[in-house]
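Visitor: In case you want the letters, here they are:
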Amino acid sequence: MNSELKALYRDTLLKHSREPKNKRVLKDADAYFELKNPLCGDLITLYLKVSRRMVSEATFEAQCCSICMASASMLTEQITQSDIEGGIEFADSLIESLLQPGFSIATLENEDIQSLAGVKSFPSRIRCATLPWEAFKGAVSRLI
Amino acid sequence: MIDRLTPPPVPEALKKARDDFPILKREVNGKPLIYLDNAASTQKPQSVIDAITQYYADENSNIHRGVHLLSTEATAAYENARTKLAAYLNANDESEIVFTRGATESINLVAHSFLAPLVSAGDEILISHMEHHANIVPWQLLCERTGAVLKVAPIFDNGDLDTDSYISLMGPRTKLAAIVHVSNSIGTVNPIERIVEAAKDRSIPTLIDSAQSIQHMKLDVQVLDCDFLVFSGHKMFMPTGIGGLYGKRAKLDSMRPYQGGGDMIAHVSFDGTTFKAPPYRFEAGTPHIAGGIGIAAGIDYIESIGRDLIHNYETQLIDYAANRLKSTAGVRLIGEPSHRAGAISFVMNSAHAHDIGTILDTEGIAVRSGHHCCEPLMKRFGISATARASIALYNNHEDIDALIESLGKVHQLFG
Numbered sequence: 014m015n016s017e018l019k020a021l022y023r024d025t026l027l028k029h030s031r032e033p034k035n036k037r038v039l040k041d042a043d044a045y046f047e048l049k050n051p052l053c054g055d056l057i058t059l060y061l062k063v064s065r066r067m068v069s070e071a072t073f074e075a076q077c078c079s080i081c082m083a084s085a086s087m088l089t090e091q092i093t094q095s096d097i098e099g100g101i102e103f104a105d106s107l108i109e110s111l112l113q114p115g116f117s118i119a120t121l122e123n124e125d126i127q128s129l130a131g132v133k134s135f136p137s138r139i140r141c142a143t144l145p146w147e148a149f150k151g152a153v154s155r156l157i
Numbered sequence: 007m008i009d010r011l012t013p014p015p016v017p018e019a020l021k022k023a024r025d026d027f028p029i030l031k032r033e034v035n036g037k038p039l040i041y042l043d044n045a046a047s048t049q050k051p052q053s054v055i056d057a058i059t060q061y062y063a064d065e066n067s068n069i070h071r072g073v074h075l076l077s078t079e080a081t082a083a084y085e086n087a088r089t090k091l092a093a094y095l096n097a098n099d100e101s102e103i104v105f106t107r108g109a110t111e112s113i114n115l116v117a118h119s120f121l122a123p124l125v126s127a128g129d130e131i132l133i134s135h136m137e138h139h140a141n142i143v144p145w146q147l148l149c150e151r152t153g154a155v156l157k158v159a160p161i162f163d164n165g166d167l168d169t170d171s172y173i174s175l176m177g178p179r180t181k182l183a184a185i186v187h188v189s190n191s192i193g194t195v196n197p198i199e200r201i202v203e204a205a206k207d208r209s210i211p212t213l214i215d216s217a218q219s220i221q222h223m224k225l226d227v228q229v230l231d232c233d234f235l236v237f238s239g240h241k242m243f244m245p246t247g248i249g250g251l252y253g254k255r256a257k258l259d260s261m262r263p264y265q266g267g268g269d270m271i272a273h274v275s276f277d278g279t280t281f282k283a284p285p286y287r288f289e290a291g292t293p294h295i296a297g298g299i300g301i302a303a304g305i306d307y308i309e310s311i312g313r314d315l316i317h318n319y320e321t322q323l324i325d326y327a328a329n330r331l332k333s334t335a336g337v338r339l340i341g342e343p344s345h346r347a348g349a350i351s352f353v354m355n356s357a358h359a360h361d362i363g364t365i366l367d368t369e370g371i372a373v374r375s376g377h378h379c380c381e382p383l384m385k386r387f388g389i390s391a392t393a394r395a396s397i398a399l400y401n402n403h404e405d406i407d408a409l410i411e412s413l414g415k416v417h418q419l420f421g
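Protein sequence lines, in the order shown, are assigned to chains A and B. Mapping to the working numbering: the first sequence position 42 is 55, numbers consecutive. Mapping to the working numbering: the second sequence position 225 is 231, numbers consecutive.
Hints in this document: simulated from the structure, not taken from any laboratory. Source: prediction; values computed, not measured. Backbone N, C-alpha and C define an ideal beta-carbon position, used for all residues, glycine too. Some clues are possibly wrong.
Claimed, not checked - Straight-line C-alpha distance at most 27 Å; calculated BS3-like pairs for lysine-lysine: (1) B:K257 <-> A:K19; (2) A:K36 <-> B:K385; (3) B:K157 <-> B:K332; (4) A:K150 <-> A:K62; (5) B:K332 <-> A:K49; (6) B:K21 <-> B:K157; (7) B:K385 <-> A:K40; (8) A:K28 <-> A:K150; (9) B:K332 <-> B:K90; (10) B:K257 <-> B:K181; (11) B:K21 <-> B:K282; (12) B:K37 <-> B:K21; (13) B:K332 <-> B:K415; (14) B:K21 <-> B:K31; (15) B:K385 <-> A:K34; (16) B:K224 <-> B:K22; (17) B:K257 <-> B:K282; (18) A:K49 <-> A:K62; (19) A:K150 <-> A:K40; (20) B:K415 <-> A:K19; (21) A:K28 <-> B:K157.
To be verified - One side only, chain B facing chain A, incomplete, derived with CB under 8 Å: (22) Q265; (23) I365; (24) E381.
Said to hold, decoys possible - Take a look, some chain A residues computed to stay more than 10 Å from chain B by CB distance: (25) C53; (26) D55; (27) E90; (28) I108.
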């Protein structure tokens, strides 16, 4: 296996993809958002429970690849007990640092999420990592 | 299907063929390229590349217009492609070959110029559950405009068409029966002869999507007796951006133009315009001339090897590939049709199709991952994506063996 592939499929990422956290439907969600990558068919639905602008619970359902699955799992952990604005700021930083060649996600203070950095060597897989975060922003936009 | 794990011998004519495709000599990620994404697009032989280069270097000019030598030569070369295509499909006459951008545009042309004037609310258009989006969406758009109804014939769990159901859905209001000849995603070969026969008995026009069969087997539109047949050049060793529509002359004569513009008119005045006879009526504007010249060279190339030889060899190779995949740990085939050509879809227990695609890419192996523009078919199998290996005349058992070996690495990584 070449070094870029090893960097893509780090143990942390594989662990999240094999045993994703919070992968379930949230029946009493305050907002949910379904997002599909039409290019490949990956489908994710993100559910949020929010109280006083704080995310009290975040879950997801998905039919997707390991990168998207791991990213979604990490997202639910990152944003739970975070305020909405902080969550959006984090999502924006992550998306930007994955999409922009000069940016590094090493500055994001979440070691698990730093394991997503490997996608930068695989341009066709970047959207796999950003899809859950876009879904999160979509769900937030539906909150009253 | 006979279980066959012995690799088929490569005929002499095809051993040499691999050298005709310059791209197959390149490396991908430090490994020799193994190209198994032929259902998406085939590679081009040097003779096709040379023909296009020669056109731009020595013959470039517009067609059907100038009296100067270059235009005369370009016109002859472009029309030569039409004549070759007509012979390739055994059309009655070259006027039955309309150049388009590809199979998708050909279907849209039929929807717009043939079917739209014929359908009204409650009329029916018949397709199958295994169609490419190109043979679904143009009809849906037409249904939206007219109130016509899209009827979808089911398939069996093994990926075969439920042909009896397809035929039983042909009713008094069916205005067109459209069907894919070979499924781009699961490789099923459909019994188009039986379908056309049944449609003819009921006076229903037929359209065959041959995008995935025309490069693998002989097609004879006179024997088949379909009304329309569509195809894309780039899936048969020819350039992108050009393909064609075969239509029976009587049908083409009855149809309105698809697009208006230069080259498709007989006479234009502000009081009204008259149109040329088919096929030119459907070819507005300057066409993809270099593409047409590439088509002529591509047909010469295929014929120099022989379609029967290609078909016979590929049938053995795809059987070999299917049987090897079936006996590979963690791999499950999606669709095990009674007759297969070109493509095999599969999933793995632990690894998603995209992960398979990425890992294979690092091994120099190109396959397609995704829904293959067949979302309804994917849904039918309860999945969102597959990995697909698809072959062409230059592939051999070593390509398949390399695929199997690399899938072992995927299995190792994802468990």
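Visitor: Look at each hint and say if it fits the structure.
Guide: Status of each hint after checking the structure:
| no. | hint | verdict |
| --- | --- | --- |
| 1 | B:K257 <-> A:K19 | 58 Å, violated |
| 2 | A:K36 <-> B:K385 | 21 Å, holds |
| 3 | B:K157 <-> B:K332 | 33 Å, violated |
| 4 | A:K150 <-> A:K62 | 14 Å, holds |
| 5 | B:K332 <-> A:K49 | 30 Å, violated |
| 6 | B:K21 <-> B:K157 | 45 Å, violated |
| 7 | B:K385 <-> A:K40 | 24 Å, holds |
| 8 | A:K28 <-> A:K150 | 25 Å, holds |
| 9 | B:K332 <-> B:K90 | 40 Å, violated |
| 10 | B:K257 <-> B:K181 | 13 Å, holds |
| 11 | B:K21 <-> B:K282 | 46 Å, violated |
| 12 | B:K37 <-> B:K21 | 21 Å, holds |
| 13 | B:K332 <-> B:K415 | 16 Å, holds |
| 14 | B:K21 <-> B:K31 | 14 Å, holds |
| 15 | B:K385 <-> A:K34 | 26 Å, holds |
| 16 | B:K224 <-> B:K22 | 22 Å, holds |
| 17 | B:K257 <-> B:K282 | 15 Å, holds |
| 18 | A:K49 <-> A:K62 | 21 Å, holds |
| 19 | A:K150 <-> A:K40 | 19 Å, holds |
| 20 | B:K415 <-> A:K19 | 12 Å, holds |
| 21 | A:K28 <-> B:K157 | 45 Å, violated |
| 22 | Q265 | 27 Å, violated |
| 23 | I365 | 7 Å, holds |
| 24 | E381 | 7 Å, holds |
| 25 | C53 | 4 Å, violated |
| 26 | D55 | 7 Å, violated |
| 27 | E90 | 21 Å, holds |
| 28 | I108 | 19 Å, holds |
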